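Protein chains: 2
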Amino acid sequence: MKTIEWRQESSGCAMILLDQTLLPTQVETLEARRIDQLVDAIQRLVVRGAPALGVVGALGVGLILDQASREAWDRERIEAEIDRLRNARPTAVNLAGGVDRVRPLVPVGLEAVVEVGLMMAQEDEANNREMGKRGADYLLATIADRPLTLLTHCNTGSLATTAWGTALGVVRELHARGKIKEVFADETRPLLQGARLTAWELQADGIGYRVLPDGAAASAILGGLIDAALIGADRIAKNGDSANKIGSLAVALACEAAAIPFLVVAPESSIDRATPNGDGIEIEFRSDEEVTTFAGKRTAPLGAKAYNPAFDVTPAKYITAIVTEKRVYHPEQGESL
Amino acid sequence: MKTIEWRQESSGCAMILLDQTLLPTQVETLEARRIDQLVDAIQRLVVRGAPALGVVGALGVGLILDQASREAWDRERIEAEIDRLRNARPTAVNLAGGVDRVRPLVPVGLEAVVEVGLMMAQEDEANNREMGKRGADYLLATIADRPLTLLTHCNTGSLATTAWGTALGVVRELHARGKIKEVFADETRPLLQGARLTAWELQADGIGYRVLPDGAAASAILGGLIDAALIGADRIAKNGDSANKIGSLAVALACEAAAIPFLVVAPESSIDRATPNGDGIEIEFRSDEEVTTFAGKRTAPLGAKAYNPAFDVTPAKYITAIVTEKRVYHPEQGESL
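Chain order of the listed sequences is A and B.
For the first sequence, counting from 1, position 164 maps to 184 in this note's numbering; every step adds exactly one.
For the second sequence, counting from 1, position 196 maps to 216 in this note's numbering; every step adds exactly one.
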């Protein structure tokens, strides 16, 4: 089952998304034929993950052009809808990046836009495979050439990309080489992408894992159970400061205290060299209800308010290495990107 | 509504516990008349919190003596049941401490045991009031004499003690002095004592608060939103290493990185001077289901295993101060207890 699929029929175009809000208990797809459906799906996290959002941004412009031709939109309306798609979520630079990459092709037409979108999906998988190899080589060389116990946060697998994964791509590559002992998957509150999605992917691949509360990561790390931690990124500033799912920073601090490697694995397209450091990264805040309720049941008293940033920024000084498809950067040592 | 109540009637004795597994949506009590009911209630966290468990340990011996007289137990059976109560949960030293305090009175009889148990409850409240004052004085002197924004983890209020609270007692004292701006309450996965219990207590007292995912604490702390963090303790080793609810360590590391105070507030009875450091503290591991399910709904794939320690140990070097009813210790500066 693919995370994102593009369908082009005589009746019109559609983006078929594996609905990640329903996993792991239900495996269902959502079909978006109109841009408002797609924007809603992005905001509800039916599809998420920076690299996946890059492809969704590009193909989403295709969806807009298709709807525009069906509904005879003028140029102004088309541009407004493209802006709405571009701003559906603010933190991951890839969504805006995907939109911007195909925007110049809008005058050329739907086919040209979709061609680039599909090419981006292919690039994404190739990049992930390359990151996987680089990350695996790095860890085996840095730690030891033996099966490793790794900790990860949120979901950076096939579901967050179009295939293979970024940080989870490194795990898959190591597993293919027989070098994974066990994976500790942070459950990743409030939306449990680790427990729901990463666990689902690891289980499907037959990789041994355990789910843990986010608050237990420091105990596992300082208790000597973990060889290294690795995460993805939604946006990386020029100095290496990296925005990623809320809770990543605490993992980095624990790795720093335990003196074990903390890796960010992300494509070059997640690097935002126009932003000098993390202070310039806009953090999305999400609804109180994500924290104060679960599966329709209240977890906090009626009237409780929440502090619910979707992302945090890990300062470069806590990041041992940033692994991209091109190379390994060492921000902890002051290397800029 | 009291956390723990002792009832002695002609028909026998009973411990009435506010059922903390049902809060905040249901406010119900559980009546324990037999020791197996009480041990089950302790293990299911119907009653929890180190100081509360001290009182439960002492009064629980009373419950055993009452049942023993009804059911004509011999001395051996009584001792075995007392041991079972003492070992119902391993990490909080107070449970064993409460049992041990009244055990020499077993030959004297039920009344003597219960008298000490009820006296411990009174001492607990008086100690908490004293800790509250010391902690409040310390924070206002160390940070600034202005309304503070404080972060706390798990529940250390009336529900974890018999009244007022330890770390939350400091919050209550500061609130009474008009010196609380806002409290950030970590939700405290997996059992959500922060979202369910601390939020409930703060709301009842009209103290402004927000609930946050445990993983968001580091972001709030390094983002400059928090003046200090304060927690309770289940056991404090002689060197100051402190065991507390899982997730406490990550809060301490974030405070260290942000250079803000991290306080442990606990009675002298939580100090275990026979244990030189944290390595000697036994950590309770709890069931996988606490992590992999929520309210009967799966949060992880069928077959998922978990890493679910109930506590972690924060090394003394990350603890700015330990506040007890007697004094303020400074473990970060190498002071032993």
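Hints were generated in silico from the structure; no laboratory data involved.
Note that the coordinates shown come from a computational prediction; the quantities given were computed from them, not determined experimentally.
Careful, some of the hints might be misleading.
No copy labels: a pair is met if it fits in one copy or bridges any two.
[What the hints assert, rightly or not] Taking lysine-lysine pairs in the DSS-like style, the calculated list, with each CA pair at most 30 Å apart, reads:
hint: 1; residue 1: Lys-325; residue 2: Lys-22
hint: 2; residue 1: Lys-325; residue 2: Lys-346
hint: 3; residue 1: Lys-22; residue 2: Lys-337
hint: 4; residue 1: Lys-199; residue 2: Lys-153
hint: 5; residue 1: Lys-201; residue 2: Lys-258
hint: 6; residue 1: Lys-346; residue 2: Lys-317
hint: 7; residue 1: Lys-199; residue 2: Lys-317
hint: 8; residue 1: Lys-201; residue 2: Lys-325
hint: 9; residue 1: Lys-325; residue 2: Lys-153
hint: 10; residue 1: Lys-337; residue 2: Lys-325
hint: 11; residue 1: Lys-258; residue 2: Lys-317
hint: 12; residue 1: Lys-258; residue 2: Lys-22
Quick rundown of the hints versus the structure:
1. Lys-325 / Lys-22: between (37 Å within a copy, 26 Å between copies)
2. Lys-325 / Lys-346: neither (43 Å within a copy, 36 Å between copies)
3. Lys-22 / Lys-337: neither (36 Å within a copy, 48 Å between copies)
4. Lys-199 / Lys-153: within (12 Å within a copy, 54 Å between copies)
5. Lys-201 / Lys-258: neither (34 Å within a copy, 36 Å between copies)
6. Lys-346 / Lys-317: neither (46 Å within a copy, 42 Å between copies)
7. Lys-199 / Lys-317: Classified as neither: same-chain Cα gap 41 Å, cross-chain 33 Å, threshold 30 Å.
8. Lys-201 / Lys-325: Intra 41 Å, inter 14 Å, cutoff 30 Å: inter-copy only.
9. Lys-325 / Lys-153: between (44 Å within a copy, 28 Å between copies)
10. Lys-337 / Lys-325: neither (33 Å within a copy, 33 Å between copies)
11. Lys-258 / Lys-317: neither (42 Å within a copy, 42 Å between copies)
12. Lys-258 / Lys-22: neither (32 Å within a copy, 56 Å between copies)
Of the numbered hints stated above, those contradicted by the structure are hints 2, 3, 5, 6, 7, 10, 11, 12, listed in ascending order.
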